[in-house]
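Enquirer: Numbering (this note's numbering), first residue to last: 155 to 529.
Check before you lean on any hint, since a few could be wrong.
Claimed, not checked - Quick list of simulated restraints, FRET-style, between CB atoms:
(1) T527 / A405: 43 to 51 Å
(2) K327 / A405: 24 to 32 Å
(3) R208 / S184: 30 to 38 Å
(4) N289 / I486: 43 to 51 Å
(5) P231 / G463: 32 to 40 Å
(6) R346 / T527: 39 to 47 Å
(7) G194 / D242: 16 to 24 Å
Said to hold, decoys possible - Using 30 Å as the maximum straight-line C-alpha spacing, the simulated DSS-like pairs for lysine-lysine come out as follows:
(8) K386 / K426
(9) K386 / K407
(10) K404 / K362
(11) K327 / K407
(12) K462 / K490
(13) K286 / K233
(14) K226 / K281
(15) K519 / K185
(16) K327 / K271
(17) K362 / K462
(18) K386 / K462
(19) K185 / K426
(20) K407 / K299
(21) K484 / K226
(22) K226 / K299
(23) K522 / K426
(24) K281 / K386
(25) K407 / K484
(26) K490 / K233
(27) K226 / K286
(28) K404 / K522
(29) K327 / K299
(30) K386 / K286
(31) K462 / K426
(32) K226 / K426
(33) K299 / K426
What the hints contain is simulated information worked out from the structure, not anything from laboratory work.
Because the structure is a prediction, the values reported are computed rather than measured.
Each residue gets a CB set at the ideal place from its N, CA and C atoms; glycine is no exception.
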Amino acid sequence: MTRILLITKLFVLIILSSVYSITHAQSSQSKLEVNVLVSGLNHPWSMAFMPDGRMLLTERAGQLRIVSADGKLLAEPIKGVPAVLAEDQGGLLGVALDPDFARNHFIYLAYAEPQGKLAGTAVAKAKLIDMKLENLQVIFRQHPKTDGANHFGSRLVFAPDGNLFVTLGERFKYMDQAQQLDNHLGKLVRIRPDGSVPADNPFIDNPKAKPEIWSYGHRHIQGAAIHPGSGKLWIHEHGPRGGDEINIPKAGKNYGWPLASYGIHYWLIPIKNEHAEQGFEEPIYYWTPSIAPSGMMFYRGNMFPEWKGNLFIGALAGRHLVRLEVDNHKVISEEKLLMDSARIRDVVEGPDGAIYLLTDEDNGKLLKLTRATAR
């Protein structure tokens with residue numbers, strides 16, 4: 155019976171993937187020139203540009219680095235970084251600048267925080283002075299800490315209202331907890347820059363819920379970005395075998411994991427496709443088979459004016475860069491760039507309008523994509 159269910163599930167996935175298919179854009183690979191700015195990085199994970207053109211860059215092993223405005227990696231890492239669990243998917247992960255960084259010099263780090271044999275995602279806030287973090291304070295801790303070193307999430311995004319979104323995973327072995335509101339596993343949380351809870355969070359008046367929760371039923375959110383038109387947060391999360399999702403998370407809504415997915419479990423057990431029928435939110439877009447998405451940004455620059463408003467996502471398993479044309483809340487076309495190049499962990503737009511990528515490798519690289527010149 156299980157085998158019959160599996161075959162049926164795979165057939166349905168193929169049909170749904172066809173139904174969900176969109177126009178694939180004509181190749182624009184020839185537009186791009188790829189330059190390696192920095193190599194020799196130890197599994198770089200996240201980056202953020204400072205107002206003076208320098209870049210902050212995290213390495214999963216626990217190093218916070220600076221790349222100069224002319225693309226040179228400074229030899230010494232920044233001091234004062236918190237201790238991290240640097241195992242498997244754990245380590246020093248997301249980095250974000252305070253919206254008022256030019257004045258207050260605050261940065262935010264998301265990381266796998268160890269506690270004995272347990273760990274969980276934490277967010278620390280500190281002031282960057284020269285090459286040192288000062289007055290570091292932990293403003294959020296995922297509850298509870300668990301064993302294992304997978305699914306920490308860890309993207310940090312400031313909303314237009316100044317609140318901070320923190321993406322989390324369900325810590326892999328604890329997937330059922332994504333449906334429970336008394337913990338932070340498999341959740342998207344929303345806090346103020348000091349770690350306090352905004353008064354309009356959806357569960358703030360529920361004594362049985364964690365007040366930081368914005369939405370739940372997520373698996374492993376590794377990409378987040380603010381839409382430049384609507385100001386709304388978009389996220390993507392890993393599915394199991396298939397079913398990587400893009401969502402626009404609404405306050406208090408349930409996104410279904412592990413009760414609904416367009417993928418199947420690693421151990422080949424089917425999962426119901428139905429989201430809405432079970433009271434869950436449908437993703438606006440998904441991939442089956444999985445591409446393992448990571449990093450996410452909406453392009454706003456002038457180097458590629460024809461791509462303004464496009465959504466760019468790195469692909470780990472897919473080893474390429476995804477470009478999505480979006481219209482309102484819909485994805486209308488998809489293009490795969492840099493096919494079979496590397497595990498792309500993060501993607502950001504630089505102040506010059508170029509696109510910058512991090513590759514997740516022992517010899518990780520910082521890449522710069524610019525418009526190719528005519529030859």
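Enquirer: Quick check: which numbered hints come out false for this structure?
Expert: 17, 19, 21, 22, 23, 26, 28, 30, 31, 32
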